[in-house]
Amino acid sequence: MGTASRTLDHKHITTMPTGADISLAIHTITGSEPGPRFLIFGGIHGDEATAVEAVRRIVEAVDENELKGTLVAVPVSNPYAYESMTRHTTQDGLNLNRIFPGDAAGSLTEQLAAALAEIQEGADYFIDFHSSGLYSTVDYAYVHSGAEILARNYGTSLLYHHDPYTGSSAEMMLSAGKPAMVSELGGGGQLTTDFLDRSVAGTLNVLRAVDMLPGDPVDPPEQKVMTKLVTLRPTTGGAVISEYGPETLGSVVPGGTVLGRVVNPHTFEVMEELVAPFDETIIVLTREQYTRCAPGDYGFMVGNNGSVTTVDAI
1 MGTASRTLDH
11 KHITTMPTGA
21 DISLAIHTIT
31 GSEPGPRFLI
41 FGGIHGDEAT
51 AVEAVRRIVE
61 AVDENELKGT
71 LVAVPVSNPY
81 AYESMTRHTT
91 QDGLNLNRIF
101 PGDAAGSLTE
111 QLAAALAEIQ
121 EGADYFIDFH
131 SSGLYSTVDY
141 AYVHSGAEIL
151 ARNYGTSLLY
161 HHDPYTGSSA
171 EMMLSAGKPA
181 MVSELGGGGQ
191 LTTDFLDRSV
201 AGTLNVLRAV
211 DMLPGDPVDP
221 PEQKVMTKLV
231 TLRPTTGGAV
241 ISEYGPETLG
251 SVVPGGTVLG
261 RVVNPHTFEV
271 MEELVAPFDE
281 TIIVLTREQY
291 TRCAPGDYGF
301 MVGNNGSVTT
311 VDAI
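So the sequence shown is numbered by this note's numbering: it starts at 1 and just counts up by one.
Please keep in mind that the hints were generated in silico from the structure rather than gathered at the bench.
Just so we're clear, the structure is a prediction, and the values are computed from it rather than from any experiment.
Errors might be hidden in some of the hints.
Said to hold, decoys possible - When the alpha-carbon atoms are kept at most 30 angstroms apart in a straight line, the in silico DSBU-like pairs for lysine-lysine are as follows:
#, residue 1, residue 2
1, K228, K11
2, K68, K178
3, K11, K68
Could you put together the complete structure from these sequences and hints?
Structure below.
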């Protein structure tokens, strides 16, 4: 038996022209018994504040005296994007989750990716926490081959079976043969407490499943594995008037159903309609009744209920 502990370290990344230091806060919880090294990231996309808070609550919820192994958490993986509440880093316009393993001699985002990739070294399991952004709310998780234990026990009703995106943090882990999962819960300031509670409960259940916390994992609810997921984006800016709010996430609507309309806020003209594309369309990401939009924003994400499968079948 060792000594359980909690530590907070700061990994220096670079210095900005203002003289401001850019660093990553790294929380490490070490259990009293040896075991796996489990890594979690939040805030890779700066406008996904729910993910940052999920990591904080998970760190608070884990009892180091019950933990076997080590939990390592980086709550804010992209500090400047978090400050500006933007998906991409404002200084160089890059998407941090598409340029792993980064470049320690590159731009700010490339240096962040290189530092995060270094933190990933030696990890046995990995969850990357995301949410939707400022105006939309989402509810699903990714399931990757070889990492089914994470997605199954995290317990979201909707899973998406898809290859990891090139240059993503999840790809880094999966390419090293380590199980990785991406959580996509919440956003938009809607049902926030519910999504945070689920993030914590799901992660603790995963830790039980990999024998890092005592007790048997709770069996997940019935899970659908989507193999087809598309994003419906407005081609014009204005206001999205949504017919299906966050309370409808996971529901199935007929093809051709109008999910929302883009309205010109000046003239009140309906500019376009966002329509369910599949005969049986699953609502995966949606907006509350009224939100502002720009061309190309996330409007709705929808899955094809006609092509779903199970975790055991992938």
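Taking the hints in turn, this is what the structure says about them:
Between K228 and K11, the direct Cα distance comes to roughly 39 angstroms. Violation of the 30 angstroms bound is thereby established for this hinted pair. Between the alpha carbons of K68 and K178 the distance comes to roughly 18 angstroms, so the proposed pair stays at or under 30 angstroms and holds. At roughly 25 angstroms between alpha-carbon atoms, K11 and K68 fall within 30 angstroms of each other, so this suggested pair holds.
Consistency with the previously given hints fails for number 1 only.
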